[in-house]
Amino acid sequence: MEEGHGVARPTLTERLRPAILLGPLGIHYLLFFFMPLVYMLGSSFLKFESGFATEELTLYNYQRFLFDSFYLRVLVNTLAMSLVVSSLTTVLGYPVAYFLVRMRSRWRSTLVAMVYSPLLTSVVARTYGWLIILDDTGIVNQILLGLGIVDEPVRLVFNFTGVTIGLTHVLLPYSVFCIMTALQNMSPTLEYASMNLGAGKLRTFVKVTLPLSMSGVVTGFLFVFSMAVSAWSTPAILGGQNVEVMATLVYSFFLGSVNWPFASAIATISMAVSMTIVLLSGLVTGKSSVGGF
Amino acid sequence: MELSREYLLSAVLRVAVALVFAFLFLPIVVILVASLSGEQYIIRIPPTSISLRWFLEAFDRYWMEPLQLSLVIGIVSVILVLPISVLASFSLARYEFKGKQITSSAIYSPITLPAIVVGAAMLQFFTLALGLRGSFTTLLIGHTIVVAPYVVQYVIVSLQQHRIRNLEWAAMNLGAGRAEVFWKVTFPLIKPGIFAGATFGFITSFNNIPVSLFLIRPGMVTIPIKIIQYLEYGYSPVLAAVCVVTLFIVAVAIAIAERVGQFTKFLQVQF
Numbered sequence: 001m002e003e004g005h006g007v008a009r010p011t012l013t014e015r016l017r018p019a020i021l022l023g024p025l026g027i028h029y030l031l032f033f034f035m036p037l038v039y040m041l042g043s044s045f046l047k048f049e050s051g052f053a054t055e056e057l058t059l060y061n062y063q064r065f066l067f068d069s070f071y072l073r074v075l076v077n078t079l080a081m082s083l084v085v086s087s088l089t090t091v092l093g094y095p096v097a098y099f100l101v102r103m104r105s106r107w108r109s110t111l112v113a114m115v116y117s118p119l120l121t122s123v124v125a126r127t128y129g130w131l132i133i134l135d136d137t138g139i140v141n142q143i144l145l146g147l148g149i150v151d152e153p154v155r156l157v158f159n160f161t162g163v164t165i166g167l168t169h170v171l172l173p174y175s176v177f178c179i180m181t182a183l184q185n186m187s188p189t190l191e192y193a194s195m196n197l198g199a200g201k202l203r204t205f206v207k208v209t210l211p212l213s214m215s216g217v218v219t220g221f222l223f224v225f226s227m228a229v230s231a232w233s234t235p236a237i238l239g240g241q242n243v244e245v246m247a248t249l250v251y252s253f254f255l256g257s258v259n260w261p262f263a264s265a266i267a268t269i270s271m272a273v274s275m276t277i278v279l280l281s282g283l284v285t286g287k288s289s290v291g292g293f
Numbered sequence: 001m002e003l004s005r006e007y008l009l010s011a012v013l014r015v016a017v018a019l020v021f022a023f024l025f026l027p028i029v030v031i032l033v034a035s036l037s038g039e040q041y042i043i044r045i046p047p048t049s050i051s052l053r054w055f056l057e058a059f060d061r062y063w064m065e066p067l068q069l070s071l072v073i074g075i076v077s078v079i080l081v082l083p084i085s086v087l088a089s090f091s092l093a094r095y096e097f098k099g100k101q102i103t104s105s106a107i108y109s110p111i112t113l114p115a116i117v118v119g120a121a122m123l124q125f126f127t128l129a130l131g132l133r134g135s136f137t138t139l140l141i142g143h144t145i146v147v148a149p150y151v152v153q154y155v156i157v158s159l160q161q162h163r164i165r166n167l168e169w170a171a172m173n174l175g176a177g178r179a180e181v182f183w184k185v186t187f188p189l190i191k192p193g194i195f196a197g198a199t200f201g202f203i204t205s206f207n208n209i210p211v212s213l214f215l216i217r218p219g220m221v222t223i224p225i226k227i228i229q230y231l232e233y234g235y236s237p238v239l240a241a242v243c244v245v246t247l248f249i250v251a252v253a254i255a256i257a258e259r260v261g262q263f264t265k266f267l268q269v270q271f
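Protein chains in written order, with my numbering: chain A, 1 to 293; chain B, 1 to 271.
The set of hints was computed from the structure by calculation and includes no laboratory data.
Quick caveat, the model's predicted, so the values are computed rather than measured.
Do not rely on the hints blindly, as some may be mistaken.
Unchecked claim - Here are some, though not all, of the chain B residues that point toward chain A, as calculated from beta-carbon distances under 7 Å:
(1) S4
(2) E6
(3) Y7
(4) A16
(5) V20
(6) V30
(7) F125
(8) I203
(9) M220
(10) P224
Claimed, not checked - Quick look at which bits of chain A chain B covers, simulated, 3 or more residues with Cβ under 8 Å:
(11) 26 to 33
(12) 59 to 71
(13) 92 to 98
(14) 113 to 125
(15) 198 to 207
(16) 247 to 256
(17) 270 to 281
What the hints assert, rightly or not - From chain B, some residues computed to sit far from chain A (all C-beta separations above 10 Å):
(18) R5
(19) I31
(20) Q68
(21) L69
(22) V76
(23) I107
(24) P114
(25) P188
(26) L189
Heads up, the beta-carbon is just placed ideally off N, CA and C, and yes, glycines get one too.
Build out the structure end to end from the sequences listed, making use of the hints.
The following block contains the structure:
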């Protein structure tokens with residue numbers, strides 16, 4: 001009888017099955033992922049006194065961050081840099097996405113894999129590559145000095161310029177893929193219709209293609225933005241001592257100080273910023289943008 | 001007139017795309033060239049001399065120990081987390097239940113949340129709440145969390161192939177029991193997905209920086225962190241050689257995954 005179509009009510013074990021299947025991973029996450037995060041949140045409200053975290057609760061750690069122009073400037077710098085990076089990835093990524101979606105050649109899947117491949121290579125290797133290119137004695141400066149365009153090396157690294165270049169490079173593939181998804185979901189007949197009605201290629205692009213792919217542009221922009229806000233490796237390596245962003249701040253306060261309650265507050269603020277962007281992205285695109293993009 | 005303008009537009013597009021591709025591959029090409037450089041400090045492109053001596057230097061214990069640790073951590077964390085991730089994927093791909101959306105966001109959240117915050121939170125929790133110092137175990141636990149969401153993501157994709165459901169029904173109608181259906185029908189069909197997820201998980205762990213950063217201790221450092229630590233003192237072409245070795249390991253992992261299941265196909269499905 002149970003084989004009957006949808007007549008029999010599911011048994012209790014049947015209904016509990018999804019929970020049972022999720023159980024082991026759920027417990028693993030709870031113990032080693034959610035508990036640490038909750039512990040950090042709790043710690044951020046603890047009062048720190050003469051070298052130790054006390055049991056006393058306080059909002060001081062957050063006040064200290066929010067009323068100090070140094071920390072606020074780090075936050076603003078991080079957001080500004082991320083804004084530049086996500087704009088750059090969008091501008092550079094759009095033509096590539098458009099080209100890859102429209103091309104009809106057997107090389108297409110190879111080129112798509114090529115766009116993906118930087119995501120599989122380590123950030124350290126790619127960042128070190130940029131260091132060789134952008135450093136004072138690097139390739140760009142060797143060329144500029146050699147051609148006599150400049151008299152002394154241009155500072156391209158260990159500042160926000162270097163970090164912006166590096167992050168744009170690291171995050172560009174995400175932007176390309178988000179825009180590609182939107183372009184693929186768009187019916188090409190709309191473009192044919194526009195061109196049949198006499199609009200040129202450029203006009204069709206501006207009036208039809210671009211507006212219809214906006215969802216991908218926005219998703220990509222916000223995705224890259226959220227990744228840039230929380231990036232550590234690129235700012236740490238290409239920024240050196242001169243660049244402080246939220247992630248490097250979290251790192252240096254956890255490993256360079258004993259005031260973990262304040263470090264936890266910085267980390268919590270950093271997480272809140274990132275989650276806001278992810279939620280915003282969910283609102284804009286009407287779907288949860290977590291995991292699949 | 002109109003035709004030549006269209007031609008111009010498409011030429012501009014092609015040039016723009018070629019430039020972006022050049023930008024994407026520039027640092028990797030530079031690393032490859034630098035690793036073969038015969039010079040000591042300054043890396044000239046094109047190089048004035050070529051040698052393999054940096055690779056010989058890269059095969060020193062100084063670099064091989066961290067490399068070995070990264071390999072072991074990557075492989076063991078994937079193996080540990082694989083069975084429980086596959087079970088969870090079944091739940092998300094096959095069942096409708098209350099709070100499914102939140103559950104899946106929660107499972108993917110190690111990807112979405114700032115990794116540096118996750119690493120820092122683990123350090124604090126392991127040290128203060130569990131009394132654990134940085135060790136192989138803590139590093140391994142941290143990496144299981146890094147790896148799990150990717151495995152789940154890939155297995156869900158492979159479970160969503162349409163023909164799996166039909167073949168399972170067919171097997172059941174022919175009288176196969178639940179276990180038999182799983183081992184004889186479902187598992188062989190999702191094996192490429194599991195393998196792709198495991199490979200992607202391994203690569204993510206192998207390249208991971210922000211979580212490792214907090215869970216290492218002196219004498220037990222993963223390879224990306226070792227490179228960063230070395231960078232603080234200045235650079236030498238040996239670093240480029242070490243980077244090339246790590247890139248080679250990732251390439252081998254992908255080649256194996258490509259043979260066992262179509263790894264590159266899965267990469268495109270993900271988006």
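Checked hints:
1. Of the supplied interface hints, the one on B:S4 is violated, with its beta-carbon coming no nearer than about 12 Å to a beta-carbon of chain A, more than 7 Å.
2. Because the beta carbon of B:E6 sits about 5 Å from the nearest beta carbon in chain A, less than 7 Å, this interface hint is met.
3. A cut of 7 Å between beta carbons decides the hint on B:Y7: the least distance to chain A is about 10 Å, and the hint is violated.
4. Against a cut-off of 7 Å between C-beta atoms, the interface hint on B:A16 holds, since the closest Cβ of chain A lies about 4 Å away.
5. With its C-beta approaching chain A no nearer than about 5 Å, B:V20 sits inside the 7 Å limit, and its interface hint holds.
6. Interface hint status for B:V30: upheld, as the beta-carbon distance to the closest one in chain A is roughly 5 Å, under 7 Å.
7. Using the Cβ-Cβ criterion of 7 Å, the hint placing B:F125 at the interface with chain A is satisfied: the shortest such distance is roughly 4 Å.
8. At about 6 Å, the closest approach between the beta carbon of B:I203 and any beta carbon in chain A falls short of 7 Å, and the interface hint on this residue holds.
9. The interface hint given for B:M220 is broken, as the beta carbon of that residue sits about 16 Å from the closest beta carbon of chain A, more than 7 Å.
10. Because the closest C-beta pair between B:P224 and chain A is about 5 Å apart, less than 7 Å, the hint holds.
11. Counting residues of the segment 26 to 33 of chain A whose beta-carbon sits less than 8 Å from any beta-carbon of chain B gives 5, enough to reach three: the coverage restraint holds.
12. For the segment 59 to 71 of chain A, the stated coverage by chain B is not satisfied: 0 residues place a CB nearer than 8 Å to a CB of that chain, which falls below the threshold of 3.
13. Counting residues of the segment 92 to 98 of chain A whose CB falls under 8 Å from any CB of chain B gives 5; the rule of at least 3 is met.
14. Counting residues of the segment 113 to 125 of chain A whose CB lies closer than 8 Å to any CB of chain B gives 11, so the stated coverage by that chain holds, three being the minimum.
15. Only when three residues or more bring their CB closer than 8 Å to a CB of chain B does the claim for the segment 198 to 207 of chain A stand; here the count is 3, and the claim holds.
16. For the segment 247 to 256 of chain A, the assignment as covered by chain B holds, since 5 residues bring a beta-carbon within under 8 Å of that chain's beta-carbons and 3 suffice.
17. With 5 residues carrying a beta carbon less than 8 Å from a beta carbon of chain B, the segment 270 to 281 of chain A meets the three-residue requirement, and the given coverage holds.
18. Its closest Cβ contact with chain A, about 7 Å, brings B:R5 to no more than 10 Å, contrary to its assignment away from the interface.
19. Consistency note on B:I31: stated as away from chain A, yet its beta-carbon is not over 10 Å from all of that chain's, at 5 Å minimum.
20. Taking the minimum C-beta to C-beta distance to chain A, about 16 Å, the non-interface status of B:Q68 holds against the 10 Å cut.
21. Look at B:L69: its CB is around 15 Å from the nearest CB on chain A, clear of 10 Å, so calling it non-interface holds up.
22. Listed as a non-interface residue, B:V76 keeps its Cβ farther than 10 Å from every Cβ of chain A; the least gap is roughly 15 Å.
23. Here B:I107 does not stay apart from chain A, with its beta-carbon only about 7 Å from theirs, under the 10 Å limit.
24. Non-interface call for B:P114 relative to chain A: violated, since the shortest CB-CB distance, roughly 3 Å, does not exceed 10 Å.
25. Look at B:P188: its CB is around 20 Å from the nearest CB on chain A, clear of 10 Å, so calling it non-interface holds up.
26. The beta carbon of B:L189 is kept farther than 10 Å from every beta carbon of chain A, the shortest such distance being approximately 18 Å.
Hints 1, 3, 9, 12, 18, 19, 23, 24 from the list above are not met by this structure, while the remaining hints are.
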